[in-house]
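Number of protein chains: 4
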Amino acid sequence: MFSEQIDQSILKEIYDKAISVSDFGKVATYIPELSLMSPNLFSLSCVISESGEIVETGDTDTYFTMQSISKILSLSYAIEKLGMDKVFKSVDMEPTADSFNSLMRLEMASPIPANPFMNAGAIVICSILQKELGRGAFNEITSFCELFTGVKPKLNQKVFNSEMSTADRNKSLAYFLNSTGLLMDSVENSLDLYIKLCSLECTTLDLAKIADVLSCGGKSSFTGKHPLSFETVKTIMGIMITCGLYNGSGEFAVRVGIPAKSGVSGGILAVAPGRMGIGVFSPPLDPKGNSLAGFYALELLSDRQNLRGVKILD
Amino acid sequence: MFSEQIDQSILKEIYDKAISVSDFGKVATYIPELSLMSPNLFSLSCVISESGEIVETGDTDTYFTMQSISKILSLSYAIEKLGMDKVFKSVDMEPTADSFNSLMRLEMASPIPANPFMNAGAIVICSILQKELGRGAFNEITSFCELFTGVKPKLNQKVFNSEMSTADRNKSLAYFLNSTGLLMDSVENSLDLYIKLCSLECTTLDLAKIADVLSCGGKSSFTGKHPLSFETVKTIMGIMITCGLYNGSGEFAVRVGIPAKSGVSGGILAVAPGRMGIGVFSPPLDPKGNSLAGFYALELLSDRQNLRGVKILD
Amino acid sequence: MFSEQIDQSILKEIYDKAISVSDFGKVATYIPELSLMSPNLFSLSCVISESGEIVETGDTDTYFTMQSISKILSLSYAIEKLGMDKVFKSVDMEPTADSFNSLMRLEMASPIPANPFMNAGAIVICSILQKELGRGAFNEITSFCELFTGVKPKLNQKVFNSEMSTADRNKSLAYFLNSTGLLMDSVENSLDLYIKLCSLECTTLDLAKIADVLSCGGKSSFTGKHPLSFETVKTIMGIMITCGLYNGSGEFAVRVGIPAKSGVSGGILAVAPGRMGIGVFSPPLDPKGNSLAGFYALELLSDRQNLRGVKILD
Amino acid sequence: MFSEQIDQSILKEIYDKAISVSDFGKVATYIPELSLMSPNLFSLSCVISESGEIVETGDTDTYFTMQSISKILSLSYAIEKLGMDKVFKSVDMEPTADSFNSLMRLEMASPIPANPFMNAGAIVICSILQKELGRGAFNEITSFCELFTGVKPKLNQKVFNSEMSTADRNKSLAYFLNSTGLLMDSVENSLDLYIKLCSLECTTLDLAKIADVLSCGGKSSFTGKHPLSFETVKTIMGIMITCGLYNGSGEFAVRVGIPAKSGVSGGILAVAPGRMGIGVFSPPLDPKGNSLAGFYALELLSDRQNLRGVKILD
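Residue numbers (our numbering), protein chains in the order written: chain Z, 1 to 314; chain R, 1 to 314; chain F, 1 to 314; chain Y, 1 to 314.
Because the hints were derived from the structure by calculation, they are not lab data. Just so we're clear, the structure is a prediction, and the values are computed from it rather than from any experiment. A portion of the hints provided could be inaccurate.
Identical copies look the same in the list; a pair holds intra-copy or inter-copy alike.
[Said to hold, decoys possible] List of simulated lysine to aspartate or glutamate pairs, EDC-like, C-alpha gap at most 16 angstroms:
1. 311 - 4
2. 288 - 140
3. 311 - 53
Please build the complete structure, drawing on both the sequences and the hints.
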C-alpha cells in the first residue's frame, strides 16, 4: 500500500492554481436556480483510505446540489436491491460521444440507453427504483446515502422546483422511453424521483465520503457501514471511468486517469482506489458541463500524488 | 507498493477456467488469413513491475498479429515525435458506442474521428506518421517497438496480403477522411502503413513487455530503455481504459477495470499501473471483436490480484 | 383539358381488384380505438374537376377519423392565416426517409422539423395555430374545413381519448420541440389541438371534396367557396407529392404519381390536378402506415385514367 | 389536351428575370474543371409534346456536362435491360433529407441506398450495368441516349479527368458499398462508368429531348424511337419528383411542381407530362447544388404555363 503523503498545504496549492481557470467557465444557466451560485466558490475534500483521515480546503461549508452525481446513488441502490441482471436488462454500460441529454441513439441504434449516467439511463433506473420501492423510494435512497456520509441529505426545494419547471428535455426522454416500454413506473413518478435526487444537497466532504466507500471496496472508513458489495463497487467505478464526465470522459481519463462523476452544479466526485475518496466543487463549467476548476484540481492532485499508481521512475 | 503475490500456478488456474468460454466465441473470418488460427490456442504472460519478473502460461511460443493493438505503438510514436497538440488536432479522445469500423459520426457529428483507437482515427495517425517519417515510417516504428520488447517485430506477409485484399471498409474510411482533408499523406500510403502495423507479429510476452513500459511510467523493466514520456503514458492509458475494447470498453472497465487494448486476432494487452504488464491471447472473439477467453482471463486475474487496487476489506 | 371518361363501373372494377390485397395489411393497433375498425370496409369517391360531378363506390357512408390527413387542413390554414414566411421559419419542406414519428434528425441534423407532414412538423404547426387563434383554434379549423366540404366535421371523442392516452411518442416530440424553443404555445395545448384534428371524422367524399379544392386551384366545385390561395395550393400539393405517404412517399410517386396524403385510420386523399379530387378508405395498413388497398386502388385509377397526364401513345 | 400557348418571347421574358438571381449562386468548384464555366451562360429549351415543336432561348449552343442528370439514363437503361425487381433489390426509391454524397444512412439505417439519384444509389446502378454489359457498357448507354436525342453524346475528357482526380467521396461510397456486398462489379469499373456518364456533354435541347420522351410516355417526338416502357417512365418521373433536386426536392416540388433532375454543372431537366420536355442551364448553384437561375426559370415557366395542370379559376 502507498503511504499517502498529503496535507492541507498541498491542497491549498492546488486550490490556488485551479481557481485561476474558473474564469474561463460558465455557471449553468439552464436551471435558473443554479445560475445564482457564486462563480468564486471552491472547495476540495479528501478522505485518505489508509487512515480515514480528512484533508480539505476552501469553502468546505458550502452546500450545493448533487445533480448528476446522484446517479451514483440511484445506480448503486438499484444494483444492491435488484441485482445486476435486472438493472442491466434495461440499460447498457457503454460510453458514447453524445451529450448527456441526447436521445438520438435511442431511435437510431438501440432502444436501451447506452449507460446509466446519461439522463435517459438514469431515468430508467429511477423508474425501476420507483416501481420496486413505491412511495418510499426517495426516503429510502436518502437513508442509503446516510450509510456513506453519516447524515441524510436534504432536498433543496428551490432547485427542485426550478428543475421541474425547465425539464422539457428530460420529459421528452421519459416519454420516449415510455413509448418503447422501458419505464417501469409512470413518467411523472420516474421524473419526480430523478429530479429529487438531482436536488439533494451535499458538501465536498459528503462526496469524498461516498468516494471513500468505493475506494475501500464497499465499506465506509467513516461510518463503519458497508453499503456496497464488491460487485457494485466494480460496476460503479467501471462506469465512472468510462462515462462519468459525459462526453468529456475520454479527456478526463487521459488527464486525470481515475473514476469520477460530475454534476452541472459544479461538483465532481472522484476515487483513487485504495488511496483516497475526493470531492471537489467550483460552479463554472466547461462547454460539456463539467466543472472547469474542479477538473483541473483533480488533474493537479492526480499528478502530484501519482494517483494512477504507475511505478515511480528512479 | 503492493508486493505482488503471483506465480505460474495462479495463471494456470486462470487459464483452465478461461479457456472453457472460448467455445462460445468465433475466430475472425473477415480477414481470411486470420480464420486459419486454431481456436484452442491460449497464452497469458505477465511482467511484474516491481521486479521485472516474467510469469506466463499456455502456448507462449505462438506468434499472432497485433492487429488493433498496434494502435498503441502508432499513437505513442506520433505523440513522442510530434507532440500532443499536433496529434489531437486531427483526432479526438472520446469513446463512442459505435463499432470499430464505423464512419457515420464523421458525417453526422464531427469530421474528426472520435478517438485514435477506432479505425478512422488510427488511419489518420498513420497518415501523420507517414507524412512526417516518409518511406522509413514502418521501419522506424518497428525500431520503436524494439525499445519495449528488445526485438524488432516481423511483418506477417500473408496476413498483410490478406488484409490488403479485403480492406474495402478501411478504404472507404480513408477516402472519406481524405475528402475532408484529414489525411496528411495519400490514401495508399496511409493504409499501407496502417495495415502493415496491424500485421506485425508478436507473442503475449511481447505485449506484456509493452504494457510493462506503461506500468512503469514510460521505462522498460526489460530493456532499460525509456521510450515514452509520462504525458504519453497518461494519454495512452486514458484512451485504453475508455476506448480500448471497441464498443465493449464499458463492460471491460466494469468487469476488469484496468487499461487495455484488444485486437481481432485474439490478443489483448492490459496494464495494471505499477503492478504488472499483461498480454493474453485466444483467437475466438465475442460479437464486438474482443477475445472471449482473453477478456475472461483478465477478469479473473484482476479479481484474484485486486488489480484495481481498492483497499482490502478486513 | 381532358374530358374525364369515368363512371361508377370503373370504380367498382377497381374496388374489386384493390380489396383483394387488404388481407395482407394490418389495421392500426397502436391507437386501441382504431383497431376496432372492420378490415373489410372500403370506399372510393371522386369529384370530377371539370364538372363537379361525384362518382363513388363501396361503403361510402362509413365515417373514419382523418388522422394525418388533417395535416393538410392545419398547414393550409396556417399558411392562409400567417403567410409562408412565418410558417416555414419553424418547419422545413423536405422529405426524409424516416418514419412519421421520428425525432432523431431534430437532434442530429436540424432542430427544425423536416416537413409539416411528419408528426414533429405538424405539432409545430398546431402550436402556431394555437398561439394565433387561442381557445377558438379547433372550432375555427373545423369551420375552415366546412368551406371545402359543406359540413363541419365532428370530433370522434372515443378516438380522441384513445389517442390522448397513448400519445407518449407525440409527447416526447412535443417536449423536445419545446426544449428547443420551437413550440409557440404550451405542450398541452399544442398536442390537444393536434390530436383533436387527427380525431375529426370524415367520409371519402369529404376527402374528395377537399382534394377538389386543390385540383381547382383553391376553389371548391362543390361549395363555391375559395378557401385557398394559389400559393397555398402549390405548397400543399408540393409537400403532398414528396412527403404525403410518410417514408413510402417515393414508392407512391412511382406507382401512382400524383399528390396525396394518407392517415393511419386507412384513408388517403389524392389530387390529380385539374382532373379530380379523390378519397379512398380501407383500414388495413402496410408496414409504413399506408392503406394497402387504398394505395393499390389509386394506382389502378391513375393508370386507368392516365392521371399523370402523359401524352397518350398512338 | 392543353393546347400549349408558348413562344420564344415568353422564354426570353423568363430568361431576363431568371438570370438576375444567378449572381447569388456559386459555380461548382469541387470539380476544378467545372469552375471554369462562365457564370453568365444561360439557355432554356422546350420541346412541346403536342406538336414536337422546339422553342428555346439563350446560349443554346453551349455544351455542358450532364453530371447527375445522367442518372436518368443509367437508371432507365438498367430498368429496361434488367427489370424493376433486379434493380430495386439493391437500391430503394425513397427521398431523404441528406446531401447527395451522404453515406451515413448506409451505416445507420439501411445498407441499401435510399434512391438511385443519390451518388450511392447511382454507383450501385452503374455496377449493375457494368456487370451486365461488360466493357461495352459506356458505349451502349451513349447509344441508348441517341434514341432520345438523335446524337450520341460525347465524353468531355477534361471533366472526366478532373472528376476522377477529385473523387475521394465517391470512392469512399463505392468501397463502403463493396464492403457490404452491394457492388456487382469492381469499385474501379463501377466508378469509371459512373464518372464517364457524369462527363457526357449535352445542350439544353438534348435535355429537353430526353424529357420529351418521358412527357410522351416513352416515345420520342423527335427521333420517333420508343426507348422507354411506360413502367420505366412512371418510375423515372416518380423518383424525379421526390428525389430529383437532392435535398432541395421538397422546395422544388412546392415552387415548380413537376418532375425534374439537376446536375452540378448547372443543368436541370424537367418534364411537364403531356405538355413539354424542358432543359435549362445556368452554372451558378445554390448551397444544395442546384442551378439557381435554372430553378427560378422553371418556377416562372410552371406558373406562366400552369404546368401543374390545375383547373384554371374563372
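Checklist line | Hint numbers contradicted by this structure | finding: 2
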